[in-house]
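Undergrad: Numbering of the sequence shown is given in the working numbering, commencing with residue 1 and proceeding in unit increments.
Simulated from the structure, these hints should not be mistaken for lab results. Take these hints with a grain of salt, some might be off.
To be verified - Derived lysine-lysine pairs resembling DSSO-like cross-links, with alpha carbons at most 27 Å apart: (1) K77 with K53; (2) K48 with K70; (3) K215 with K194; (4) K115 with K70; (5) K49 with K35; (6) K35 with K70; (7) K35 with K77; (8) K53 with K35.
Stated by the list, open to error - Okay, the calculated beta carbon distance ranges per label pair: (9) L221 with K194: 17 to 23 Å; (10) L178 with E83: 53 to 59 Å; (11) Q198 with E222: 32 to 38 Å.
All residues carry an ideal CB built from backbone N, CA and C; glycine is no exception.
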Amino acid sequence: MATTSRLETNFIRLLSRCESMASEKRGDTEWRLEKYVSALEEMLAALKKSTSKPVPEALTDYTRKVEFLKGLLEAEKLTSPTEKALANQFLAPGRTPTTGKERTSASKTVHLQTKARCTGEMRNELLGTTSNTGAADGELRNRRGTALEERQSATELDTVLQHHHNIQEKLAEEMLSLARNLKNNSLAAQNVIKLDNQTLTQSMRMADVNFEKLKTESERLEQHTKKSVNWLLWIMLIVVCFIFISMILFIRIFPRLR
């Protein structure tokens, strides 16, 4: 596993802090989040130029999270709840958790909370413009609408978190199954290779034995050939000598006629 540089560690800490602040309710005088996001942009640019920069997938996710926080701040500066809700629809949160303690991406949770808050503001605005029964009745309806919206957003958030948890469990089971299949396939391939090696070793041994036998038979055949040639030569010499002696005797016994 690749080691995390000090710059990346500081970036992750600041990013986690910004996501935590974004999930909280802030006042109009809150300026720290905007400064922190600016610092995140500078650190992200330094990370991209660093020699020990993270893998491209991590850099892409970091960029998505920083852009999400920037878009969130820009959307909060809008005055109309409708414009805020529309701007939040186009925000793209990060896909992976920032720290190991998170079960799901904190930016996704912030996105859901912001959408729920914008929806509540739109509903409150609609109820406020259509209410003609007095200030007390309008305030009561706003409180009821806010409470109902908070319960709905909490229920929606729990449902989304449970859905992501189920997906993670399913992915974990699939990865475990793939790991088992890979292990079984590797063991089967190892056994096949082992049998092939044994067969190859036996074939090499048989080839060595056959070569030794062939060498022995070749030597025997060579010796046998040499012996056959020697006997044939002696037989021819004996026959020539016999013919020569016979001719001499024939000439002595039968002198030439006069």
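Undergrad: Each hint needs a verdict: does it hold in this structure or not?
TA: The hints, checked one at a time:
no.: 1; hint: K77 with K53; result: violated, 33 Å
no.: 2; hint: K48 with K70; result: holds, 18 Å
no.: 3; hint: K215 with K194; result: violated, 32 Å
no.: 4; hint: K115 with K70; result: holds, 16 Å
no.: 5; hint: K49 with K35; result: holds, 22 Å
no.: 6; hint: K35 with K70; result: holds, 11 Å
no.: 7; hint: K35 with K77; result: holds, 15 Å
no.: 8; hint: K53 with K35; result: holds, 24 Å
no.: 9; hint: L221 with K194: 17 to 23 Å; result: violated, 41 Å
no.: 10; hint: L178 with E83: 53 to 59 Å; result: violated, 46 Å
no.: 11; hint: Q198 with E222: 32 to 38 Å; result: holds, 37 Å
In terms of the numbered hints stated before, the structure departs from hints 1, 3, 9, 10, listed from lowest to highest.
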